[in-house]
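Peer 1: Sequence:
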Amino acid sequence: MRFEDLVAEKNDTLTPSDIRLVNVLLTDPTIGSLMPAQKVAARAGVHPSTASRLARKLGFETYSAMREALEFEQDAAARVRKRVDSAAGRSLLESVVAGEMLALSRLMAQVSQEQITAATNALRRANKIIVIGESHAGSLAELFARRLKRSGYAATGLAHADWQAADELIGLTQKDLVFGMIFRHDSPGVVRALTLAAERGAGTVLLTDRSVAPAAKISITARRGEPGEFHSLTVPMAICNTLVLELSRVDRGRSMDALAQLEDLRLSFENAGVPQKKRGDRSQP
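Per my numbering: the sequence shown ends with 389, consecutive numbering throughout.
Source of the hints: derived by calculation from the structure; they are not laboratory data.
Among the clues, some could well be false.
[As the list claims (entries may be wrong)] Calculated cross-link-like contacts (lysine-lysine; reagent style DSS-like; alpha-carbon spacing at most 30 Å):
1. Lys-279 with Lys-321
2. Lys-114 with Lys-161
3. Lys-143 with Lys-114
4. Lys-232 with Lys-253
5. Lys-161 with Lys-143
6. Lys-253 with Lys-321
7. Lys-232 with Lys-321
8. Lys-253 with Lys-279
9. Lys-232 with Lys-279
[To be verified] Between beta-carbon pairs, the in silico distance windows are:
10. Leu-130 with Asp-290: 17 to 25 Å
11. Ser-168 with Gln-365: 46 to 54 Å
12. Arg-147 with Gln-214: 23 to 31 Å
13. Lys-279 with Ser-168: 54 to 62 Å
14. Leu-363 with Pro-140: 43 to 51 Å
15. Val-316 with Leu-366: 34 to 42 Å
16. Ser-153 with Leu-366: 30 to 38 Å
17. Met-341 with Gly-163: 27 to 35 Å
18. Gln-278 with Arg-147: 51 to 59 Å
19. His-151 with Trp-267: 46 to 54 Å
20. Pro-140 with Thr-117: 18 to 26 Å
21. Met-341 with Pro-120: 45 to 53 Å
Here a beta-carbon is modelled for each residue, glycine too, at the ideal position from N, C-alpha and C.
Taking the hints into account, I'd like the entire structure generated from these sequences.
Peer 2: This is how it looks when you write it as structure tokens:
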């Protein structure tokens, strides 16, 4: 539910101070998504504690959770405009590279080796792996599943929570794993898949950039960039690449053997279309 709708729903419970704060947030949503509670409260002329109370009244656990929701509501045009504006004095390429480097440099402070190890072990032990994401996450879900399959794991990538997802999830068992990806927006289909996996006793891993996210046995949370700016898949892709490499390090040759077989198969298909020379044929190719 959008922030404006939440306010309308809880309007009868809001105090005059709450309303002054709401007016500031609705006048410019970027204020709420970027500024800390104290500064927003100061702009509204209310006590800083008002911001936390308002967040709880609107159904958020903390003001930080409400700020994240406001950030996600900013449209794509606003995020791109902010990235373009931030490139003042530099080329857009320099600005994009600097932003990606900054996001990656913060990754180590957000994701621990223990989380990587736990996710790696869950992937290694699973009989079947279903990687599911929607929107931009769907593209990465399919790519990650392909990398896992090439490493010898029975993985399927799902970019939509539709009949295809139902086909894959229907036979889910305790020995399987659902690896969900949720970036930026709510993803009811991924949440449903994770819930179903939990009901079946299967493993669940969630890779997300949201601090308030659905439950999973293993959660890896990492921001993909500065609040309110254009975000790419560089950070979650780095995490996926790390998991694939970690598997190759600990699975006792399973990944390496599969990759070697993949290369042999690739060459066999390439050579299948090459005409073989007849014995005694000295003609030049």
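Peer 1: Assess, step by step, whether the Cα of Lys-279 is no farther than 30 Å from the Cα of Lys-321, and give holds or violated.
Peer 2: holds, 14 Å
Peer 1: Should the hint that Met-341 and Gly-163 are 27 to 35 Å apart at their CB atoms be regarded as holding?
Peer 2: holds, 33 Å
Peer 1: Has the given pair, Lys-114 with Lys-161, been kept, meaning a C-alpha gap of at most 30 Å?
Peer 2: Given pair Lys-114, Lys-161 holds - Cα atoms ~7 Å apart, limit 30 Å.
Peer 1: Verify the proposed pairing of Lys-232 with Lys-253, using a straight-line Cα cut of 30 Å.
Peer 2: Distance of about 10 Å is within 30 Å: holds.
Peer 1: Looking only at beta-carbon atoms, does the pair Val-316, Leu-366 fall within the given range of 34 to 42 Å?
Peer 2: With a Cβ separation near 39 Å, Val-316 and Leu-366 satisfy 34 to 42 Å, so the hint holds.
Peer 1: Kindly confirm whether 45 to 53 Å is satisfied by the beta carbon distance between Met-341 and Pro-120.
Peer 2: holds, 47 Å
Peer 1: For the hint 17 to 25 Å, verify it against the beta carbon of Leu-130 and that of Asp-290.
Peer 2: holds, 21 Å
Peer 1: Note whether the CB distance of Ser-153 and Leu-366 lies within 30 to 38 Å or breaks it.
Peer 2: violated, 59 Å
Peer 1: Cβ-Cβ distance between Ser-168 and Gln-365: within 46 to 54 Å?
Peer 2: holds, 48 Å
Peer 1: Can the suggested window of 18 to 26 Å be confirmed for the beta-carbon pair Pro-140 and Thr-117?
Peer 2: Since Pro-140 and Thr-117 have Cβ atoms about 24 Å apart, the given range 18 to 26 Å holds.
Peer 1: Could you grab the alpha-carbon distance between Lys-143 and Lys-114 and see if it respects the 30 Å cut-off?
Peer 2: It holds: about 24 Å lies between the C-alpha atoms, which stays within 30 Å.
Peer 1: Regarding Lys-279 and Ser-168, is the given constraint of 54 to 62 Å on their beta-carbon distance met?
Peer 2: violated, 37 Å
Comparing the model with each numbered hint stated earlier shows that hints 13, 16 do not hold.
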